[in-house]
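Peer 1: When you get a sec, could you build the whole thing from the sequences and use the hints?
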Amino acid sequence: NAGVTQTPKFRILKIGQSMTLQCTQDMNHNYMYWYRQDPGMGLKLIYYSVGAGITDKGEVPNGYNVSRSTTEDFPLRLELAAPSQTSVYFCASSYGGPSYEQYFGPGTRLTVT
Amino acid sequence: AQSVTQLDSHVSVSEGTPVLLRCNYSSSYSPSLFWYVQHPNKGLQLLLKYTSAATLVKGINGFEAEFKKSETSFHLTKPSAHMSDAAEYFCVVSAPNTGNQFYFGTGTSLTVIP
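Just so you know, the protein sequences line up as chains A and B, in that order.
The first sequence runs 77 to 189 under our numbering.
The second sequence runs 46 to 159 under our numbering.
No wet-lab data here; the hints were simulated from the structure.
Only a predicted model underlies this, so the values are computations on that prediction, with no experimental measurement involved.
Be careful, since some hints might not be right.
Distance condition first, Cα-Cα at most 25 Å in a straight line; then the derived SDA-like pairs of lysine to any residue [stated by the list, open to error]: (1) 120/A - 133/B; (2) 120/A - 83/B; (3) 87/B - 130/A; (4) 87/B - 92/A; (5) 85/A - 159/A; (6) 87/B - 87/A; (7) 114/B - 157/B.
Counterexamples of contact, computed for chain A against chain B with all Cβ distances above 12 Å [unchecked claim]: (8) 91; (9) 95; (10) 98; (11) 116; (12) 129; (13) 143; (14) 146; (15) 153; (16) 159; (17) 186; (18) 188; (19) 189.
Ideal placement from N, C-alpha and C gives every residue a C-beta, glycine not left out.
Peer 2: Spelled out as structure tokens, the structure:
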């Protein structure tokens, strides 16, 4: 039981490049989330999904896209990377909604130069 | 609207002394409240949660927190700090009207002095 896995662990992008951050969970959770964590700040929600085929925006969705074709996978797409997207990205999953514990992946550290 | 304020960005305690990390919240509805811990270069791990049952919540590693509605607080405590407690701690709020969103505080960095 691996929990929530994220790839890659680290990535350096040039301005204007695109990439996909991968997230997979093996707990059969319906809810999945993408957060970014900037230095000295709490986590900000980018997008979330309540099930396969259903996604919705969080607090900071601009510059990102998501899809949820399976229960297990929730990739985050960065189009036209900008320095402001330099951050640590965390994927999380939970069994249900707001009263349920979230399980977090180890994070992806992204630098855009 | 929901929000969380962690009153101290950094707390330093000596090993074996009590720990107090303070969190105030704002919520229009009955909230769910969580404390998560993040060790360096790691993901977040749940310490404990409150979801409208007992107001004193016990978590892992000897931590506990008390939900005080009148004070809108959810402070995290531990009677005796251990070196392994040194980490970043996040208070998190959610509520039925938040559309499945969670709101994180800015974090409290705990240092434990040997």
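Peer 1: Now tell me if each hint is right for this structure.
Peer 2: Hint check results:
The straight-line distance between the Cα atoms of residue 120/A and residue 133/B is roughly 16 Å, inside the 25 Å bound, and the hint therefore holds. Proposed proximity of residue 120/A and residue 83/B is supported: the alpha carbons are some 15 Å apart, at most 25 Å. Between residue 87/B and residue 130/A the CA atoms are separated by roughly 28 Å; this puts the pair beyond 25 Å, and the hint is violated. Proximity of residue 87/B to residue 92/A is assessed by CA-CA distance (about 28 Å); at most 25 Å being required, the pair is judged violated.
The suggested pairing of residue 85/A with residue 159/A holds, with an alpha-carbon distance near 18 Å, which does not exceed 25 Å. This hinted pair checks out: residue 87/B and residue 87/A have alpha carbons roughly 16 Å apart, not beyond 25 Å. Of the pairs offered as hints, the one joining residue 114/B and residue 157/B is violated, with about 30 Å between alpha carbons and a cut-off of 25 Å exceeded. Distance to chain B confirms residue 91/A as a non-interface residue, since its nearest Cβ pair spans about 26 Å, more than 12 Å.
At the 12 Å boundary, the C-beta of residue 95/A stays outside the reach of chain B, the nearest C-beta of that chain being 20 Å off. Every CB of chain B is more than 12 Å from the CB of residue 98/A (nearest about 15 Å), matching its label as outside the interface. Residue placement check: residue 116/A does not keep its beta carbon more than 12 Å from all beta carbons of chain B (closest about 7 Å). With 12 Å as the threshold on Cβ separation, the claim that residue 129/A sits away from chain B holds: the shortest Cβ distance comes to roughly 15 Å.
Non-interface call for residue 143/A relative to chain B: holds, since the shortest CB-CB distance, roughly 18 Å, exceeds 12 Å. At the 12 Å boundary, the C-beta of residue 146/A stays outside the reach of chain B, the nearest C-beta of that chain being 19 Å off. Listed as outside the interface, residue 153/A is consistent with that label: its C-beta sits roughly 20 Å from the nearest C-beta of chain B, beyond the 12 Å cut-off. For residue 159/A, the condition that its CB be more than 12 Å from all CB atoms of chain B holds, with the nearest at approximately 22 Å.
Consistency note on residue 186/A: stated as away from chain B, and its beta-carbon is indeed over 12 Å from all of that chain's, at 14 Å minimum. With a closest Cβ-Cβ approach of about 20 Å to chain B, residue 188/A is found to remain outside the 12 Å limit, as its non-interface label requires. Taking the minimum C-beta to C-beta distance to chain B, about 21 Å, the non-interface status of residue 189/A holds against the 12 Å cut.
In the structure shown, a violation is registered for the earlier hints numbered 3, 4, 7 and 11, in ascending order.
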